[in-house]
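Let the sequences and hints guide you as you build the complete structure.
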Amino acid sequence: MDMILTLAAQNLLSPIILCFALGVAAALARSDLNFPEAIAKGMSLYLLFAIGFKGGASVAGHGVDGQLIASLVAGVILSALLPLIAFALLRSMTKLSTLDAAAVAAHYGSISIVTFVAGSSILEAQGIEFEGYMVAVAAAMEAPAIVSALWLISRQGEGAKSMDGALMREIMLNGSIVLLVGSFVIGMVTGKDGLSEIAPFISAPFKGVLCLFLLDMGLVAGRGLARAKGAVSGATIAFGLIMPLIGAAIGLLAALVLGLSVGGAALMMVLSASASYIAVPAAMRVALPEANPAVYLTLSLGITFPFNLTLGIPLYVATASAVIGG
Amino acid sequence: MQMHDAKRIEIMIEQIMERRLTDLLIEAGVKGFSVLPVRGGSGRSGLWSRQGQVGRAEGLSCVVCLIQPDRLDALLEAIFPVLDRHIGVVNIADAKVLRAELF
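Line by line, the protein sequences give chains A and B. Heads up: the first sequence begins at 1 in my numbering, then just goes up one per residue. Heads up: the second sequence begins at 1001 in my numbering, then just goes up one per residue.
Quick caveat, the hints were computed from the structure, so don't treat them as lab data. All C-beta atoms, glycine included, are put in the ideal place defined by N, C-alpha and C. One or more of the hints may lead you astray.
What the hints assert, rightly or not - FRET-style restraints, in silico, Cβ to Cβ:
(1) L173(A) with P1037(B): 21 to 31 Å
(2) A1074(B) with G234(A): 47 to 57 Å
(3) L45(A) with V1035(B): 41 to 51 Å
(4) V73(A) with G1032(B): 41 to 51 Å
(5) V1090(B) with G230(A): 35 to 45 Å
(6) S233(A) with V1090(B): 47 to 57 Å
What the hints assert, rightly or not - Chain B is nowhere near these chain A residues, computed Cβ spacing over 12 Å in every case:
(7) N34
(8) K41
(9) Q67
(10) L72
(11) K95
(12) T98
(13) E129
(14) S154
(15) G194
(16) V220
(17) A231
(18) I250
(19) L253
(20) I278
(21) L297
(22) L301
This is the structure in structure tokens:
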């Protein structure tokens, strides 16, 4: 336990987490610190491209194997399963309606790619290697949770819009997924040679850009946190803190079954613990417009995202190190 | 100068539904429309701003089109499916246009 706490404390003092904390603090203090939307979007595109390309290049190094396929399947199963657990927990812990509970549950089965990027960056900073294909696992975990949530609603007899072709296309082809998977494939095709060609662009500036991006995300999360007052009950906020831990524990179990490395297990925990705040909210507005966006956005962006960034990731890395690293 | 009657339809709609709405406008034979960004405002949920939003789940777009008055009812019926359950405002006003054949 002491080792876990020591490792967690070390991670908390990394520049990226401190930048995020600065953003949260600035937002809560109502500072006018702000990033132009185009710059925030540009940084996000850069980070997705870099993480996808590096993941693909890493897979090119040791090829496609059974563990990769099994990890992808596990990611899809986790994404579909976690909303069912989240839904049951919400219905027992909170007074949320069936619609709101299902909409929130979808967020907790899907993933936050920014949390994943931060997690992988912390692992790199500590010299902990991880399976490059975890990027592909992240992409595979985006959509199944939405299908689970819509199934939950249809089972309850409530009026959800069915998963039509247009909605499925929007989810599967949203810009983040296309860039992440596309750069992963390019990295896989071009391998180490391709990586060395563009390394000065995607490796050296990566952490600095991530710091600035997380500063901006801290501002966004801080404003979401401020919005939590009155928007959600104490029990609902408690769910936003408990569910990531449950997700991480299930992710760790999956990693143990798959035989992932310490870094891979930590990232599987990060993915299972994170909650979507881009793809799923948009899908919920289309499919479940009656569900209250203030509840699910406040929870995923204002509660779970900052929790994972500040306490969760260090805890998951430390736990994976203790359990798998011995 | 000769002026012609027209109806100006202004639809505030959730960004995520914008494409579905414009597809229906095209299907319904609307010859032209404009899509304007909405930076923020205030409604039943209080003040909101586009600033700091990270996805398309929250923002609004404004779609404006001009049509000939006799086509109004059919157009509203055609676009109602995407407006029915979603946040938004439909505002219709009388207008005058110079070249009626364009609408």
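Results for each hint:
1. L173(A) with P1037(B): 21 to 31 Å: Hint holds: Cβ distance 22 Å, inside 21 to 31 Å.
2. A1074(B) with G234(A): 47 to 57 Å: About 51 Å separates the Cβ atoms of A1074(B) and G234(A), which means 47 to 57 Å holds.
3. L45(A) with V1035(B): 41 to 51 Å: violated, 23 Å
4. V73(A) with G1032(B): 41 to 51 Å: holds, 49 Å
5. V1090(B) with G230(A): 35 to 45 Å: violated, 30 Å
6. S233(A) with V1090(B): 47 to 57 Å: violated, 34 Å
7. N34: violated, 7 Å
8. K41: violated, 9 Å
9. Q67: Given a closest Cβ separation of 33 Å, the condition holds.
10. L72: holds, 25 Å
11. K95: holds, 20 Å
12. T98: holds, 16 Å
13. E129: Label holds. Min Cβ-Cβ 30 Å, cutoff 12 Å.
14. S154: Since the minimum Cβ distance to chain B is about 16 Å, S154(A) lies beyond 12 Å and the statement holds.
15. G194: holds, 30 Å
16. V220: violated, 5 Å
17. A231: violated, 10 Å
18. I250: holds, 26 Å
19. L253: holds, 30 Å
20. I278: violated, 4 Å
21. L297: The assertion about L297(A) is violated, with a minimum of 7 Å to chain B.
22. L301: Per Cβ check, L301(A) is inside 12 Å of chain B; nearest 7 Å; violated.
The structure shown violates the earlier hints numbered 3, 5, 6, 7, 8, 16, 17, 20, 21, 22.
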